[in-house]
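Sequence order for the protein chains is A and B. Okay, so the first sequence: first residue is 1 according to the working numbering, each after it adds one. Okay, so the second sequence: first residue is 10001 according to the working numbering, each after it adds one.
Among these hints, one or two may not hold up.
What the hints assert, rightly or not - Some chain B residues close to chain A (C-beta under 7 Å, calculated; not the full set):
| id | residue |
| --- | --- |
| 1 | 10123 |
| 2 | 10127 |
| 3 | 10140 |
| 4 | 10151 |
| 5 | 10224 |
| 6 | 10226 |
| 7 | 10276 |
| 8 | 10321 |
| 9 | 10325 |
| 10 | 10327 |
| 11 | 10329 |
| 12 | 10346 |
| 13 | 10387 |
| 14 | 10391 |
| 15 | 10395 |
If you are wondering where the hints come from, they were derived from the structure by calculation, not from laboratory data. No residue lacks a Cβ here, since even glycine has one placed at the ideal position from N, Cα and C.
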Amino acid sequence: MPDAPHPKHRDHPNVSRSDTTDDLRARADAARAAAPPYAELQVTSNFTFLTGASHPDELVHRAAELGHRAIALTDTNSLAGIVRAHVAAKDSGMRFIVGCRVVSADAPGLAILLYPTDKASYASLCSLLTLGKRRAQKGMCILQWRDVLDRHQNLLAIAVPSSELDEHSMDILRRLRESFDNDRLSLAITRHFAQNDHHRIEQIARAGSRIGIPLVVTSDVHYHVPQRRPLHDVLTCIRTRCTIEQAGYRLHANADRHIKSPCEMHRLYAAYPDALRRTVDIAERTAGFSLDQLRYEYPDEIVPAGISPQQHLEHLTRQGALARFPGGVPDKVQLQIDHELRLIDTLGYAPYFLTVHDIVSFAVSRGILCQGRGAAANSAVCYCLGVTAVDPSRVNMLFERFVSKERDEPPDIDIDFEHERREEVIQYLYAKYGRHRAALTAEVISFRSRLAIREVGKAMGLSRDVIDKLAKDVEWWDTSVAQPHRLRELGLNPSDPFLTQTIELAMQLLGFPRHLSQHVGGFVITRAPLEYLVPIENAAMKDRTVIEWDKDDIEAMGMLKVDILGLGMLSCIRKALDLIATHEHRPLTIATIPPEDPVVYDMICKADTIGVFQIESRAQMSMLPRLKPRNYYDLVIEVAIVRPGPIQGNMVHPYLRRRNGEEPTTYFDETIRRVLGRTLGVPLFQEQAMSLAVEAAGFTPGEADQLRRAIAAWKTRGNKLAMYGERILAGMVRRGYPPEFAANVFEQIKGFAGYGFPESHAASFALLVYASCWLKKHHPGAFACALLNSQPMGFYQPAQIVRDAQAHGVSVQPVDVNRSHWDCTLEKTGNEHALRLGLRMVKGLAAADADRIAQCVAQHGPFARIESLWRQSGVKTASLRRLASADAFGSMHLPRQSALWAIQKLNDEPMPLFDHLPARSSAVVEPAYLPRPTPLGQVSHDYAAVGLSLRSHPVSFVRDRLAAMGVTPSGELEHAAKCPDKASITVAGLVLVRQRPGTASGVLFMTIEDETGTANLVVWPSVYDRFRTAIRRSNAIVCTGKVQREGAVVHVVARAIRRLSIDETAGFSKSRDFH
Amino acid sequence: MLRREPHVERLDEPLLARALRRLAIHALRFTPNVSVESPDGLWLDITGCVHLFKDEATLAHHVVRMFNRMGLVTWVAIAPWYGAAWGLARFGLKPICIVDRAHLRHATSTLPLCALRLPVDVLNALNEVGIETIEHLLAVPRAELARRYGLEVLRRLDQAFGRERELQTPIRVRPPLTINRAFAGPTDRLETIQLCAEQLISIVCQRLEQRGAGCRELLLVLTRSDLAPLDLQARSSKPTRDTRHWITLLRPRLERAHLGYGVEALTLTAGGIRTLRHEQIVQWCSDDSPATSDDLTRLADTLMSRLGAQSVRRIYERESHLPERAFAFVSVENGLDIRLPSVQSPPVERPSLLLPSPMPIRVSFLFPEGPIGSVDHEGVGRRVLSCIGPERICGEWWHRDRFVRDYYRLQTDDGAWLWIFRELTLARWFLHGEWA
């Protein structure tokens, strides 16, 4: 299961926005009317990394409050923040000017601010920045001021001298003046409240009049309010790698770089009224361009000549439908297809679907497993095209959840590919569309708690050990470090003002962008070259290029984005299918796996689901015995129900009660039953919320989608919700529902529509859940083998996967140089297949070495002596040592120590004198003088070298000691007689998993394992606080608590936890920790 | 349970070496052959010394007791060969371990391999195959060991069991530099005492020159007939053996000393002896040659000896926008040539005189929001001719300053240039400096 993405500390303005905020705009209008005319043209946001101290939207909102006529954003050599500012400006009724501050290497004393006035000049600006960035390594931009001259048409420019104007700068100004004709060039004057302000400005004014460049006033804004000055100083320290005490003159002397009100500006620059007026002039001249004008165009090579995209799409859909429904397309599905195609035609999205279809066809042609996910699975057209796998005849489709007229933005399709072969798909896109038309979206890496505290602490000059203490203790999602008792616990003084100041600044720094990185798989593809839309830069990885905007920016701009994601389970499934085809001569695909097999559902109901897709987590495994899925749709519900939405909305228990027959299932009328019947009257899916609005309150499907989005945003900016509420009530009353019922329904919709799961997404995933369960039930060896070969993925470590496979009757053979390949394989032993662990399991072994060994063995047959293997394969002794540590010379009858002993004799350096000596043919004798290893030592060494042991479980060595302490073996937990509900119990074992779901009010779930089985612990926050160190840091624990039985689900509610030391080195297990 | 964090400090190797040497000097009372075994031990070769302490156990007890009194936890091992003793002292099970030839093998068998002073990679390789104690190691044929780990392993084994001898490098101690003179009878005549002291200083300086060293401290003890001995100390910031200089430093002390009934003897000891190969002795100096740095050092020393070490300081520049923080003082106790951080001065003008703390003044304007008309300072009103500014300087928030100052340069009608500021948060005016 992929880790859920870290929640951002600060949302993109597009995500948290509302549709209109009338009062914000009204206030901005009022402020503007009251203030004298002024527009701020030089603004540095925090997207000039480690320089600006405010977010773009903060700057825009502040300017709106103060009544500026317009505000520009001029980050250094970057356009990364303009979309955010643009969106914020729309919200607050502010005019926004796109700008950029170009700094060139050969003109250090002069920066040039550029502002486009139309689409063409914007394209020039983007390509200028692209030129500079493609020349340089990631994150840098190398430009020369002559580059600006080549692309100056229709751009407005302001030259900003950084200090006194010297001859070189004057030359450049003259040259610029020649190119930027038509009064497009200005010279900036800024008061810094420094000692020589007056003199400096006079000098600039004189120079301007000599060369003939008019003056303009700017404020050189770095933050939006003066209170941000400390943070700005700290950013300077971080950037220049010094502490605040050492910073000295690197810092500004005063807090003057904030946005000032127009009145203040008029007062300060009263001597230059023309320059003040010019700000508004420039603002008006740029009014010809707005980011809204960037209309996006789809690539067109995906359509054969002569026909339109829509026609091509309809043709492909027809073909696909026939392939999917060989017995004839059902009427319901045909109606759905027609409806979708009509909507696609109206909105002009055909090229989008064709692009995605092209990518999927490529993958299928290469045998790469792929599957669309998310809202796209609501589309029958996608099913026919082979993009998604959810059958419209089995699951209801609500196309408007995916594409709707009202949304006015193109759909967003995420496709999962086998994670190991994803790169092939990416390279195909680059090859087909070219580097200049396809690029990855960026991801803004921002400061999280740990990094923020470290950097701020370093800048403030705290000592390393204090910073380490603060940083290590903060889990990255923790924003409550400032609590006094936590500080005292760490041995720090909470009333030390320096410390509190540091923490405050670190909290302010949270969510600030740190640098741009490439997004995992979001691709942007255009018709015209991308560099006319947005600057492109080099990524850290070779052969990758990235645009400056992230996925929220892309969504706000309405561009086509396809997410090429990697899913580990797809790799695993394909490998398992390949193994089955090879060893049992039974070729299968996901589509041809026998559906609805009752024994598979038996296994699922018993929660025997380690390694299986989605339902292997703690929460899922405790839900399975209660929900008892018996068919595909039950799996869909199972995937969706264990989520924050239904849990918080209190839907889970009513559903379970109705399912078990404890509660009667009633519907108000037939309409409600149509919508909620498949979930027993309990709303679980977003589509159901939308359908309710459509069926019961008379919304159009498109409007229902708007409702869904409004509800998603209402927490951050409650606004139009009231209006929707009234419409729903009115609509339902009109259709004859009583008002209390209507109000109730609205409450329900509000409760879950925002974060409930899309049904289509659950349906896509449920297909994979079933496939993986089927494979695990019927071919456990192949499944375990494929799972091990696809690591890292999933919830569990190889040790647990192997243990689980053994519990299912698979015999597992250890790693062996003479028998193993790099990957784990199935070996035929008699009638059965045993799982042979592969050389990849040996920690630290390079794949190249492993391949060489396997090749040698294939060529020359099994080796009897290490020395001959060494000579033949030419691998270094270091690799052999790792193999020996992993006990991989068993077929040579050399246990670990003897093998190591033998290898230590070998010398990597060539000794030509000995080369022609005949190899000794004496038999290998296990040296008797080496000390015998202890069993615990063996197991410990196994874990260190391979990550698991096929001998005994580490805990079995201390079983006597545990029994003396009264510890119950975990295997006995499943027997209700021995461990009744509410009984006191003590269990012990290795820590496998620590999980703290965000919804469970701070409760921590742990799974521990001993030689008899696993135990699941529930740790409440009070207990967690008391035994924090033991819980967080121990590899193995002893837990005392009470048994909690609910049907077949058993937990131990912890009362006390302490560390269990099993002697020996602690290489036993690395727990997977989830938030 | 009381939880306390361990106190952690950075390891200072020279300090550690010096400390061990001092301990070694103490151990000289047991045997003349003591050497320092960094980082944590001493090697005492007690061959032929045991009979002075009755037997080995008693000697060991004496050693332990001596070091315990200094506050050190001590483990002692006595063995026929140093290799074994080294291992037993550090890894043995008892604080005092005495082993003779017959029992050596048995006593060392369970020691871990690190007791043999093996390099880390060899240790790791041996541990890898399960060889962890000396017993295990002895079981392996020597040829196999040599083949895999080289001859170092065998050498260390042999050193532990006497098959190979180890050489010791004992420490050498220099006697302290002390000279004393006794008078025929007690004298309270200052000139006599001074003359004698000067002679002693001259002898000490000669001895220092022979050693090629200089000292930083001279201690003159006056043994008085009716009172306790009087200590007079003179300190120099740099090691020196200049007789004139020391006489100059010691003289003021001597002049103020209370001689009592009379002084019977003088003892002069040199402290802080450091190597000093050459020292410039200026025979001539013409009047207009610039003062050398040695002169400055001497001046500083003399001032410090008269006024006290803390009273003589140097000023240096610091990077700060706030004028009162743009400089700082440092004491010259440790010499004049201390390294100061280099500072880039910004191109701002600062007044020649900065008041130690700003003084409140009253300011009146020609008209509201207009230029400054006159300045009232300590009752003296002056008319302002011109005003340049403002220069805004905010307080340093990391020092929890909350003020904001707007500085102005004023030219007054009596020709003075003043530097004043307006404190914006208090809305009051202050005078901060003046140009000469």
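We went through each hint and held it up to the structure:
At its closest, the beta carbon of residue 10123(B) sits 13 Å from a beta carbon of chain A; the interface hint therefore is violated under the 7 Å criterion. Below 7 Å, beta-carbon pairs count as interface contacts, and residue 10127(B) has none with chain A, the closest being about 10 Å; its hint is therefore violated. For residue 10140(B), the shortest C-beta to C-beta distance to chain A is roughly 5 Å, which falls under 7 Å, so the interface hint holds. Proximity of residue 10151(B) to chain A is violated relative to the hint, the smallest CB-CB distance being about 15 Å (cut-off 7 Å).
Given hint, residue 10224(B) at the interface with chain A, is violated; its Cβ is 51 Å from that chain's nearest Cβ, farther than 7 Å. Below 7 Å, beta-carbon pairs count as interface contacts, and residue 10226(B) has none with chain A, the closest being about 55 Å; its hint is therefore violated. Proximity of residue 10276(B) to chain A is violated relative to the hint, the smallest CB-CB distance being about 35 Å (cut-off 7 Å). This hint holds: residue 10321(B) has a C-beta 4 Å from the nearest C-beta of chain A, less than the 7 Å allowed.
Because the smallest distance between the Cβ of residue 10325(B) and any Cβ of chain A comes to about 10 Å, over 7 Å, the interface hint for this residue is violated. Residue-level restraint check for residue 10327(B) is violated (minimum Cβ-Cβ distance to chain A is 13 Å; threshold 7 Å). Violation of the interface hint for residue 10329(B) is found here, the shortest Cβ-Cβ separation to chain A being roughly 17 Å, above the 7 Å cut-off. For residue 10346(B), the shortest C-beta to C-beta distance to chain A is roughly 5 Å, which falls under 7 Å, so the interface hint holds.
Contact between residue 10387(B) and chain A, as hinted, is not supported at the beta carbon level, the nearest pair being about 11 Å apart and thus beyond 7 Å. Hint status for residue 10391(B): holds, given a least beta-carbon distance of 4 Å to chain A, under 7 Å. The closest approach between the C-beta of residue 10395(B) and any C-beta of chain A is roughly 10 Å, which is over the 7 Å cut-off, so the hint fails.
When held up to the earlier numbered hints, the structure conflicts with 1, 2, 4, 5, 6, 7, 9, 10, 11, 13 and 15 and fits the remainder.
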